[in-house]
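Peer 1: So you can see what is in the structure, the chains are spelled out below.
Number of protein chains: 2
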Amino acid sequence: MRTLNQGVVALVLAILATAVQAHPEGPDDPLPSWNDGATKQAILKFVADATTEGGPRLVSPSERIAVFDNDGTLWSEQPIYFQLAYALDQVKAMAPEHPEWKTTEPFKSLLAGDVKGALAQGNKAMLDIIGATHTGMTTEEFSKTVTEWAATAKHPKSGHLYTEMVYQPMLELLTYLRTYGFKTYIVSGGGIEFMRPWVEQTYGIPPEQVVGSSGVTKFEMRPTGPVLVKEAKVEFVDDGPGKPVGINHFIGRRPIMAFGNSDGDQEMLQWTAARNGSRFIGIVHHTDAKREWAYDRQSHIGKLDKALDEAMAKGWTVVDMQKDWKRIYPYDP
Amino acid sequence: MRTLNQGVVALVLAILATAVQAHPEGPDDPLPSWNDGATKQAILKFVADATTEGGPRLVSPSERIAVFDNDGTLWSEQPIYFQLAYALDQVKAMAPEHPEWKTTEPFKSLLAGDVKGALAQGNKAMLDIIGATHTGMTTEEFSKTVTEWAATAKHPKSGHLYTEMVYQPMLELLTYLRTYGFKTYIVSGGGIEFMRPWVEQTYGIPPEQVVGSSGVTKFEMRPTGPVLVKEAKVEFVDDGPGKPVGINHFIGRRPIMAFGNSDGDQEMLQWTAARNGSRFIGIVHHTDAKREWAYDRQSHIGKLDKALDEAMAKGWTVVDMQKDWKRIYPYDP
Numbered sequence: 001m002r003t004l005n006q007g008v009v010a011l012v013l014a015i016l017a018t019a020v021q022a023h024p025e026g027p028d029d030p031l032p033s034w035n036d037g038a039t040k041q042a043i044l045k046f047v048a049d050a051t052t053e054g055g056p057r058l059v060s061p062s063e064r065i066a067v068f069d070n071d072g073t074l075w076s077e078q079p080i081y082f083q084l085a086y087a088l089d090q091v092k093a094m095a096p097e098h099p100e101w102k103t104t105e106p107f108k109s110l111l112a113g114d115v116k117g118a119l120a121q122g123n124k125a126m127l128d129i130i131g132a133t134h135t136g137m138t139t140e141e142f143s144k145t146v147t148e149w150a151a152t153a154k155h156p157k158s159g160h161l162y163t164e165m166v167y168q169p170m171l172e173l174l175t176y177l178r179t180y181g182f183k184t185y186i187v188s189g190g191g192i193e194f195m196r197p198w199v200e201q202t203y204g205i206p207p208e209q210v211v212g213s214s215g216v217t218k219f220e221m222r223p224t225g226p227v228l229v230k231e232a233k234v235e236f237v238d239d240g241p242g243k244p245v246g247i248n249h250f251i252g253r254r255p256i257m258a259f260g261n262s263d264g265d266q267e268m269l270q271w272t273a274a275r276n277g278s279r280f281i282g283i284v285h286h287t288d289a290k291r292e293w294a295y296d297r298q299s300h301i302g303k304l305d306k307a308l309d310e311a312m313a314k315g316w317t318v319v320d321m322q323k324d325w326k327r328i329y330p331y332d333p
Numbered sequence: 001m002r003t004l005n006q007g008v009v010a011l012v013l014a015i016l017a018t019a020v021q022a023h024p025e026g027p028d029d030p031l032p033s034w035n036d037g038a039t040k041q042a043i044l045k046f047v048a049d050a051t052t053e054g055g056p057r058l059v060s061p062s063e064r065i066a067v068f069d070n071d072g073t074l075w076s077e078q079p080i081y082f083q084l085a086y087a088l089d090q091v092k093a094m095a096p097e098h099p100e101w102k103t104t105e106p107f108k109s110l111l112a113g114d115v116k117g118a119l120a121q122g123n124k125a126m127l128d129i130i131g132a133t134h135t136g137m138t139t140e141e142f143s144k145t146v147t148e149w150a151a152t153a154k155h156p157k158s159g160h161l162y163t164e165m166v167y168q169p170m171l172e173l174l175t176y177l178r179t180y181g182f183k184t185y186i187v188s189g190g191g192i193e194f195m196r197p198w199v200e201q202t203y204g205i206p207p208e209q210v211v212g213s214s215g216v217t218k219f220e221m222r223p224t225g226p227v228l229v230k231e232a233k234v235e236f237v238d239d240g241p242g243k244p245v246g247i248n249h250f251i252g253r254r255p256i257m258a259f260g261n262s263d264g265d266q267e268m269l270q271w272t273a274a275r276n277g278s279r280f281i282g283i284v285h286h287t288d289a290k291r292e293w294a295y296d297r298q299s300h301i302g303k304l305d306k307a308l309d310e311a312m313a314k315g316w317t318v319v320d321m322q323k324d325w326k327r328i329y330p331y332d333p
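One line per chain: the protein sequences are C and Z, in this order. Using this note's numbering, the letters of the first sequence map in sequence onto residues 1 to 333. Using this note's numbering, the letters of the second sequence map in sequence onto residues 1 to 333.
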């Protein structure tokens, strides 16, 4: 065993600090899938300002917290939220063990292929579907099922894995931020346990940096050892006004950068915008019917109406997917 | 602006990895306040094993999660939990605005100096005290009050700041672990909002690595901007079986090291011990009536009974404060 040479470590950290302080552009463009323009420039300037030693807008490394909504901000959310697609796939997979579903709604409609009819039955139907597929098992059993689904299930339109339908420009942004000492978090209305099994591999975001909706879990000592059981009881809804609450609860600091795409993100964006000092507020606007989807004020999924008005009134950065993004998905040419 | 030289970064990271891979001992002892002996050796061996590239017990950096109880594990908890001392100090400070407390229990007894009498009134009295001092304000107002208290309030016995009554050997352990790529977390029955304002400065643990008990908070848009208001409603109790639940909720991975000091930590220790692969389970045993306090099976605070039996049955590491620690507090000679 060698002695830890603290001098070497200090030297190395100093070199590293200098290296990451340099601000990339040109051939080493950190955001190659973003078209040149005001949006890209705003991002580059914000990061340069926040990380320039001695500059007036320097933000200490520990305060460099950036939060991202997931559905519609980091990956697609059409024609239905991907977590709902998981639930529907699971109903089919679990049906052989549940003969009673043949005569019980909403499962009866679902198994007959009538997804629209099943979902039209309202909130109770939705809770029954989520309850059947997300509760009554241990956290490890659930995580295993999600992992298998994420590795195999394919989107009906693109034919790609759901986890491949992530936005290449946002992947570049996440990496770029982390290079400059930001901690990147997901703050999503989606289930925290649903996201954690695949976000590290997909986004480079570790499970401990995921904030999401949750159900109650309960500790149980079984003969085989301790387990946590997912109960059919909602604990926290990380959406709308729940997002700043979730950020405060899990992170305990106010972010300096927040990105969303819908009215469900508005309070998170307001909370970040009210920070003293540097902050960056971004909205992904779905304007590309050809390469992705185009929707905003009238959409049932990812409705963007009041938050878009506020963004325009306050000068938040609105990403125009069609104009600002050279490429949408990593598999795009 | 210079171009980010990724080659330099990669090189520097490689050097850094080599440097921290070296295992310190001798004159560069990372744990100078720990007496030589089985306990210290067990810690050093665990960390060396978990971080030796190519070794059979290597744990990947992202899995190096270490969790620590706070009261009685990182700082003292006698004669009353320090958070309760905060609440009592606040009752006195707030009394001028609450003339009704002169005739309302438990405040009447408290303000007359009869702490024991006030606390003897049971759970309802305790909730009234916590409610009056921990709720009905914004998260930022609460944080400010805690910060002021932490910077000035002194322990009745030692005359030192409460935040100075932290265990020097544990501070060294936290630093040592972080040097080897561990993420150190607090997992405490104490209030998450009570700990976050001072833990970073005191332990080097950032607010986002604190798990604790919480009340419900609510987002409100005020004319001055958005706030989060602390409501008089318990949300989560991070104690006993709540600790593995809290770990799963906040961190989403199982720790490889867990340290506690009481039966309230038992389920957290069991949950960590049930991990596949390397793990370290530690208990701080308060055996030093002279330099700190001596208590275990019969104590009302920090009772250590069943967890001590389990530790002995299963070979968990029990730290004998009196024998294993050269120094207790940073201010000790």
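Please note: incorrect hints may appear among the correct ones.
A pair holds if it fits inside one copy or across any two, identical chains being indistinguishable in the list.
Stated by the list, open to error - When the alpha-carbon atoms are kept at most 35 angstroms apart in a straight line, the in silico DSBU-like pairs for lysine-lysine are as follows: (1) K108 / K157; (2) K218 / K233; (3) K218 / K45; (4) K218 / K306; (5) K154 / K45; (6) K326 / K218; (7) K45 / K144; (8) K233 / K108; (9) K102 / K290; (10) K92 / K314; (11) K323 / K102; (12) K157 / K218; (13) K124 / K233; (14) K124 / K108; (15) K326 / K102; (16) K40 / K233; (17) K102 / K314; (18) K154 / K218; (19) K306 / K102; (20) K144 / K40; (21) K233 / K306; (22) K102 / K40; (23) K303 / K233; (24) K45 / K116; (25) K108 / K45; (26) K144 / K306; (27) K303 / K45.
Everything labelled a hint here was simulated from the structure, so no lab data went into it. From a predicted model like this one, the values you see are computed outputs, not experimental measurements.
Peer 1: If a hint holds in the structure, say so; if it does not, say that too.
Peer 2: Going through the hints against the structure:
Proximity of K108 to K157 under the C-alpha cut-off of 35 angstroms is restricted to the intra-copy arrangement: shortest distance 24 angstroms within a copy versus 69 angstroms between copies. Taking the closest pair of Cα atoms, K218 and K233 come within 35 angstroms of each other both inside a single copy (11 angstroms) and across two copies (20 angstroms). In this assembly of identical chains, K218 and K45 lie within 35 angstroms of each other by CA distance solely across copies; the values are 34 angstroms between and 46 angstroms within a copy. With identical chains, the CA atoms of K218 and K306 are at most 35 angstroms apart between copies only, with a shortest distance of 21 angstroms across copies and 38 angstroms within one.
Proximity of K154 and K45 under a CA criterion of 35 angstroms is satisfied in neither setting, with 38 angstroms inside one chain copy and 46 angstroms between copies. For a Cα distance limit of 35 angstroms, the shortest separation of K326 from K218 qualifies neither inside one copy, at 46 angstroms, nor across copies, at 40 angstroms. Taking CA atoms no more than 35 angstroms apart as the test, K45 paired with K144 passes between copies only; the shortest distance there is 32 angstroms, against 41 angstroms inside one copy. Proximity of K233 to K108 under the C-alpha cut-off of 35 angstroms is restricted to the intra-copy arrangement: shortest distance 23 angstroms within a copy versus 40 angstroms between copies.
Taking the shortest Cα distances, K102 and K290 never come within 35 angstroms of each other, neither inside one copy (39 angstroms) nor across copies (71 angstroms). Taking CA atoms no more than 35 angstroms apart as the test, K92 paired with K314 passes in neither setting, with 46 angstroms inside one copy and 44 angstroms between copies. For the homomeric pair K323 and K102, neither the shortest alpha-carbon distance inside one copy (48 angstroms) nor that between copies (67 angstroms) is at most 35 angstroms. When the C-alpha separation of K157 and K218 is checked against a cutoff of 35 angstroms, the pair qualifies neither within a copy, at 38 angstroms, nor between copies, at 40 angstroms.
Proximity of K124 and K233 under a CA criterion of 35 angstroms is satisfied in both settings, with 13 angstroms inside one chain copy and 27 angstroms between copies. In this assembly of identical chains, the alpha carbons of K124 and K108 lie at most 35 angstroms apart only when taken from the same copy (14 angstroms versus 49 angstroms across copies). When the C-alpha separation of K326 and K102 is checked against a cutoff of 35 angstroms, the pair qualifies neither within a copy, at 47 angstroms, nor between copies, at 69 angstroms. In the homo-oligomer, the alpha carbons of K40 and K233 never lie at most 35 angstroms apart, since the shortest distance is 43 angstroms inside one protomer and 44 angstroms across protomers.
In this assembly of identical chains, the alpha carbons of K102 and K314 never lie at most 35 angstroms apart, being 52 angstroms within a copy and 49 angstroms across copies at closest. For the homomeric pair K154 and K218, the shortest alpha-carbon distance inside one copy (32 angstroms) is at most 35 angstroms, but the shortest distance between copies (38 angstroms) is not. When the C-alpha separation of K306 and K102 is checked against a cutoff of 35 angstroms, the pair qualifies neither within a copy, at 42 angstroms, nor between copies, at 49 angstroms. For the homomeric pair K144 and K40, neither the shortest alpha-carbon distance inside one copy (38 angstroms) nor that between copies (37 angstroms) is at most 35 angstroms.
When the C-alpha separation of K233 and K306 is checked against a cutoff of 35 angstroms, the pair qualifies both within a copy, at 31 angstroms, and between copies, at 31 angstroms. Taking CA atoms no more than 35 angstroms apart as the test, K102 paired with K40 passes in neither setting, with 52 angstroms inside one copy and 62 angstroms between copies. Proximity of K303 and K233 under a CA criterion of 35 angstroms is satisfied in both settings, with 27 angstroms inside one chain copy and 32 angstroms between copies. In the homo-oligomer, the alpha carbons of K45 and K116 never lie at most 35 angstroms apart, since the shortest distance is 45 angstroms inside one protomer and 59 angstroms across protomers.
Within a single copy, K108 and K45 get their C-alpha atoms no closer than 54 angstroms, and across copies no closer than 58 angstroms, so neither meets the 35 angstroms cut-off. For a Cα distance limit of 35 angstroms, the shortest separation of K144 from K306 across copies, 33 angstroms, qualifies, whereas the shortest one inside one copy, 38 angstroms, does not. Taking the shortest alpha-carbon separations for K303 and K45, only the intra-copy value of 29 angstroms comes in at or below 35 angstroms, while the best inter-copy value is 55 angstroms.
The structure does not agree with the numbered hints 5, 6, 9, 10, 11, 12, 15, 16, 17, 19, 20, 22, 24, 25 stated previously, though it agrees with the rest.
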